[in-house]
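**Q** Position chain X against the provided structure of chain Y, taking the given hints into account.
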Amino acid sequence: MGIFDRDISEVRELLGQIASKRGYKAWRPGEINPWPGGKGNLHIPASDTSVELGPPELPSILMTLITDNPGSIQDGLVSLMGPNIDDLAGRKAPLAKIIFIEASGIAEEDLWDFYLGVNLARLDVSLWGCMTRASSGMRREWCRISRDAVKKGMSIAHIGAGEIACAKRLPPVRAVEMAALTGSKEDVSAFAEVAFRVDRVASALCKLSKEILHDCETCRFSDLCSAHPDLRRLRESRREGAG
Amino acid sequence: MNTSRESASRPVLLFCGKGGVGKTTLSAMTIQLLCGRGDRRILAVDADPAMGLALTLGIWPERSLDDVLSDENALKGGRDEVSAALDYEISGCIKESGNVSFIALGRPEAQGCFCAVNHLLKKAIEKLSLAFDAVVIDAEAGVEQINRRVFDAVSHLFVVTDPTKKGAMVADTILSLSRRTIRSDYCALIVNRLKVGDEISSDTAAGFDSWCRIPEDSGIRFFDLHGGEPLFLTRTSAAASIASYLGDLKLI
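Protein chains in written order, with this note's numbering: chain Y, 1 to 243; chain X, 244 to 495.
Calculated from the structure, these hints are not laboratory results. Beta carbons are placed, not taken as given, at the ideal position from N, Cα and C, and that holds for glycine. Just so you know, not all the hints are guaranteed correct.
Partial pick of chain Y residues on the chain X-facing surface, computed with a CB cut under 10 Å [claimed, not checked]:
| id | residue |
| --- | --- |
| 1 | 41 |
| 2 | 45 |
| 3 | 123 |
| 4 | 141 |
| 5 | 210 |
| 6 | 212 |
| 7 | 224 |
| 8 | 238 |
Lysine-lysine pairs mimicking BS3-like chemistry, simulated, CA-CA at most 25 Å apart [to be verified]:
| id | chain 1 | residue 1 | chain 2 | residue 2 |
| --- | --- | --- | --- | --- |
| 9 | Y | 92 | Y | 39 |
| 10 | Y | 92 | X | 370 |
| 11 | X | 319 | Y | 207 |
Same shape as in the complex, but just chain Y:
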C-alpha cells in the first residue's frame, strides 16, 4: 500500500523547506491539554468569529495521506508552520492541513473504502468554538474559530489532537500525525501540485473500486494508472477479475 508514498516524501520535503525558512512549532502526545467537544460542528456566524482559516476567498488545501510503511508517521505529533490561532486573532489566513495515517492489513481492493472512511471520520471532529467545513472531495477545508474559543486559548494543537483522536478510532490505524500551515498564501500554494495529484490518485482509486467495466482507452485517469505502480497493479487485478 505505497499508493501515496511518493506524495508523502514530496510533502515531507516541502514541509522541511518551509520549516527551515520560517521555523515551526510542534506538540507531541501529552503536551496538548484536552479541549471540550462541540455540539455537532455548528455554523459560527461572522459576528462571533475571531479567526478564519482557509475561507473560500483564500487558498486552502486538505490532504489525507495513507501508508503502511511502519515508523514513517510520528504518532500523535502536531506541527505548525505559520502563526497559531492566538497570533491570528481578528484575521483570516490560508490553510493547509495534511493528515498522515499509518494503517496495516488493508487489502488493495479495500483501499478506497478505507480512504473514504478516514475522510468521513474526520467529519466527527467537533470542538467547542470551532466550525470546520470540508469541500466536495475533501480538497479544501474552511475553519472558523469563535471569539470565545480564542479567549480560552484554542490552538492548532487542539484541532490536530481532535483529528488524530478521530482517525485512531478506525481499527487498522496505527499512527496519525497532522501538519498545518497558516502562513503565507505562497507556502500553502506550494502544496497545490501534490494535492492535485493526490486528488487524482484518490479519484482513480474510487473509479477502479466502484466501476465494474473499465474502458481504459476513454478513461481520464488512463495516464495516471499507467504511470503509478499501485494503480496499475490494481487495474490489472480488476481486469483479471472481470475476465
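**A** Just chain X now, with coordinates in the frame of chain Y:
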C-alpha cells in the same frame, strides 16, 4: 462548555402569503427590529426566487443555493461525501452583514420544477438555524413552498394578506395547508396595507391564533420607489405597528 446560543430555543418566523401583499417588507422590518437588540444573531432567509429580501436589506450574496446546484463540482461523490460538502457549500452561500447572516434560494435558471433547490433550502435552514438566535424566512408568494413542506417546523407562521378578497382567500388556503404540512407553535394573520375605510370581516381571521392590522404607509411606498437604507423601514408607521405586535408576542 456551552454557549447560550446552542441551548436556547429560538424563534423561527416564516412570512408567507399572496404576491404583492408586503411579505418581503414585513420580513425586512422584522429582521431590522430583531437586530435592534444588538446581541441577537439573525439568520435571514430569502426563499423567494424574486430575491426581493436581498434588495430590501441591501445584502447581496455572491452565491445562492441555486448556484450550488448549478455547479457540477460542488456536490460530487456518494451520499456521505455530498452530505459533508453540503455544509461547506451552505456556509459559503451566507453573506454576513453585522448581526445578520443572509442566505438566498436564488433564481433557478433551468426549466422544470424547483424541488431540488427547495430541498436544499430545507436542509440549509435545518443545518443553520441552531447557530442563530432567530431565523426570519421570506417565503415565495403563494402556496407552493407550503404545499411542498419546504419549512418543516417554525415557531411563528405569519400569513400576510392585503384587504382584498383574493388575499384573504390565499391566506385561508395557506392556513389550511399549513395545518398538514408545517409544525408551527403560533399562526398569525397580518392584514397589511389597510386604508381608511377598509373593512375586514372577522371571518378572515378565523382559525388564526391572533391577527394584526398594518396601515398603508406612504413611507414604504417612497422606499419602494426610490430605495434607501433598510434602517429607514424601521422608522415608518407600519414598522411601529409590526413592532408593537412582535412585542406583544414577546419576539422583540
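**Q** Given residue 210 of chain Y as an interface hint, is its Cβ closer than 10 Å to any Cβ of chain X?
**A** Nearest chain X Cβ about 9 Å off; hint holds.
**Q** With a cut-off of 10 Å, does the beta carbon of residue 141 of chain Y approach a beta carbon of chain X closely enough for the hint to hold?
**A** holds (8 Å)
**Q** Decide if the proposed pair is consistent with the structure: residue 92 of chain Y and residue 39 of chain Y, CA atoms, cutoff 25 Å inclusive.
**A** The given pair, whose Cα atoms are some 24 Å apart, holds under the 25 Å limit.
**Q** Against chain X, with CB atoms and a cut of 10 Å, does the hint on residue 41 of chain Y hold up?
**A** holds (8 Å)
**Q** Taken at face value, is the distance from the CA of residue 370 of chain X to the CA of residue 92 of chain Y at most 25 Å?
**A** holds (24 Å)
**Q** Is the shortest C-beta separation between residue 238 of chain Y and chain X less than 10 Å?
**A** violated (19 Å)
**Q** Take the shortest C-beta to C-beta distance between residue 224 of chain Y and chain X; is it under 10 Å?
**A** Violated, about 18 Å.
**Q** Would you settle whether the hint for residue 45 of chain Y is holds or violated, based on the nearest Cβ-Cβ distance to chain X being less than 10 Å?
**A** holds (5 Å)
**Q** Have a go at the residue 123 of chain Y hint: is there a Cβ in chain X nearer than 10 Å to its own Cβ?
**A** holds (5 Å)
**Q** Classify the hint on residue 212 of chain Y as holds or violated, based on whether any CB of chain X lies nearer than 10 Å to its CB.
**A** Since chain X brings no Cβ nearer than about 16 Å to residue 212 of chain Y, farther than 10 Å, the hint is violated.
**Q** Does the structure keep residue 319 of chain X and residue 207 of chain Y at a Cα separation of 25 Å or less?
**A** holds (13 Å)
Consistency note: the structure conflicts with the earlier hints numbered 6, 7 and 8.
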